[in-house]
Amino acid sequence: MVQIENLGRILEEHPFAQGLDPQLKELMVGCAANERFDAGQYLFREGQDAKKFYLIRSGSVAVEIYSAGRPPIVVESLHDGDVLGWSWLMPPNKWTFDARAVTLTRALSFDATCLTRKMESDHALGYEVLRRFVPVMAHRLHAARMQMLDLYGPAKKGK
Amino acid sequence: MGALPMDPMQPRPFRIEKVRKELADTFTLELVPEEGGEFRFAAGQFNMLYVMGVGEVPISISGDPGDGARLIHTTRAVGAVTAAMGNLKVGEALGVRGPYGNPWPVEAAYGSDLVIMAGGVGLAPLRPAIYQALANRERFGKLVILYGARSPSEILYPKELEKWRGRFDTEVQVTVDRAAEHWSGNVGVVTKLVKRASFDPLHTVAFVCGPEIMMRYGVQTLTGAGIDPSNIFVSMERNMKCGVGFCGHCQWGTNFVCKDGPVFPFDQIADIFSIREL
Ligand SMILES: Cc1cc2nc3c(=O)[nH]c(=O)nc-3n(C[C@H](O)[C@H](O)[C@H](O)COP(=O)(O)OP(=O)(O)OC[C@H]3O[C@@H](n4cnc5c(N)ncnc54)[C@H](O)[C@@H]3O)c2cc1C
Ligand code: FES
Chain A
1 MVQIENLGRI LEEHPFAQGL DPQLKELMVG CAANERFDAG QYLFREGQDA
51 KKFYLIRSGS VAVEIYSAGR PPIVVESLHD GDVLGWSWLM PPNKWTFDAR
101 AVTLTRALSF DATCLTRKME SDHALGYEVL RRFVPVMAHR LHAARMQMLD
151 LYGPAKKGK
Chain B
160 MGALPMDPMQ PRPFRIEKVR KELADTFTLE LVPEEGGEFR FAAGQFNMLY
210 VMGVGEVPIS ISGDPGDGAR LIHTTRAVGA VTAAMGNLKV GEALGVRGPY
260 GNPWPVEAAY GSDLVIMAGG VGLAPLRPAI YQALANRERF GKLVILYGAR
310 SPSEILYPKE LEKWRGRFDT EVQVTVDRAA EHWSGNVGVV TKLVKRASFD
360 PLHTVAFVCG PEIMMRYGVQ TLTGAGIDPS NIFVSMERNM KCGVGFCGHC
410 QWGTNFVCKD GPVFPFDQIA DIFSIREL
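In the order they appear, the protein sequences are chains A and B. Residue 1 is where the first sequence starts when you use the numbering used here, and the numbers rise one by one after that. Residue 160 is where the second sequence starts when you use the numbering used here, and the numbers rise one by one after that.
One thing to keep in mind: the hints can contain errors.
Residues from chain B that face chain A, not an exhaustive set, calculated with beta carbons under 10 Å [claimed, not checked]:
#	residue
1	Q169
2	V280
3	T329
4	T334
Incomplete in silico selection of chain A near chain B, CB under 10 Å [unchecked claim]:
#	residue
5	A39
6	S58
7	S60
8	A62
9	P72
10	I73
11	V75
12	L78
13	D80
14	L149
15	G153
Derived from the structure by calculation, the hints contain no laboratory data. Glycine included, every Cβ here is placed at the ideal spot set by N, Cα and C.
Let the sequences and hints guide you as you build the complete structure.
Listed below in structure tokens is the structure:
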């Protein structure tokens, strides 16, 4: 009980839960766990089943892409207040990148099977969770586009 | 500057005292006037630098406005003139006309929080404003420097960024687009840093410099964070010839970038900023 109360408080403090109805918060907390990762530890690896997502409470996590024969490339870093992972939401439910704790990281993790079941039976919860994931995905897409645009390279003439 | 030459189109001879390679394609020249004297300028102003027999290009001054003894320019070699400039050696001569243009309004920002956002070589034209802000640190609220580069090896002035970050009164955040595993800093575009920076948007002045596309997204993010467009300043680049408002080469909408800019308050140029053809 104390554990659940604690998780509820932790969830409340995270921007993800801002404005979320207390009842729906409670439903989410039922699927949550408190996790801790030491610097260098992987939260997950590309190709593994995406069974969770994470709300980062403190620390920083590097999102890495690995291609055979080359060292991994970090494409994004996430920090407290950020959300990590949406592969759990859609098939084939596999992680498409590695996530590595750069510093000691604390996060709330949510069990995807547990949460998906609740989201399916309670559409208000389903809507609220998805509504909070859309901006996360949109931001990532926007950032990827900007990275592709090469924001800092010399401009082309014709100015 | 000591005294402008009688003819504003006539370059003054300067001697290269030091050359520093900053990045693979970027170098810094320290110049002293052949005829002696000091060079006074305001942060954000530029000079027309003439490479003998090759041509003349506008380059922002990247040194300390409080130090008139040496004139400092950081340049990325992108074409004929800048590449030739990069091949110059200590002791060789360079023609200098200037300083020209509107500066960053550092003093007008006294009393406010100051956010400085730079991308790539865009940190060079902002460095004089950073020096001036640090020299007058007590006159500002928060001082935040947000800098983005393509990769860790393309970070300009890394030692200085580290030094500024070491101060207790300045927030410095650096990010790169991508990095190898051993990089423990931020990865992501520079605009992502705004969310984590601490400033009061209602009392903040922001200076933004970098390639135009980076400034576009930078301004969007800063206004999105609540900073008024009239308090956001950007430094524009257009091809120049005279540098003093005579030839019309740098015309941009109804502005001449050389004399109405290069630093503009964003609200003054918002209408034309997004027009692709200009
Ligand atoms: C007010 C002002 C301040 C500037 N400050 C600096 C500075 O501090 N440091 C610095 O390195 N450069 C600065 N520039 C840009 C610099 O003037 C140009 O890179 C230079 O004129 C290119 O001349 P070039 O003969 O070497 O290249 P060109 O032969 O004229 O051009 C070669 C290629 O360079 C690229 N290029 C040309 N002009 C620019 C430009 N303005 N920006 C980016 N790429 C360009 C184009 O892709 C072009 O095809 C500034 C420009 C202005 C207007
Ligand atoms: S460069 Fe001649 S008017 Fe601006």
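Requested in this report: Taking the numbered hints from earlier one at a time, note which ones the structure violates and give those numbers from smallest to largest.
Outcome: 1, 3 and 6
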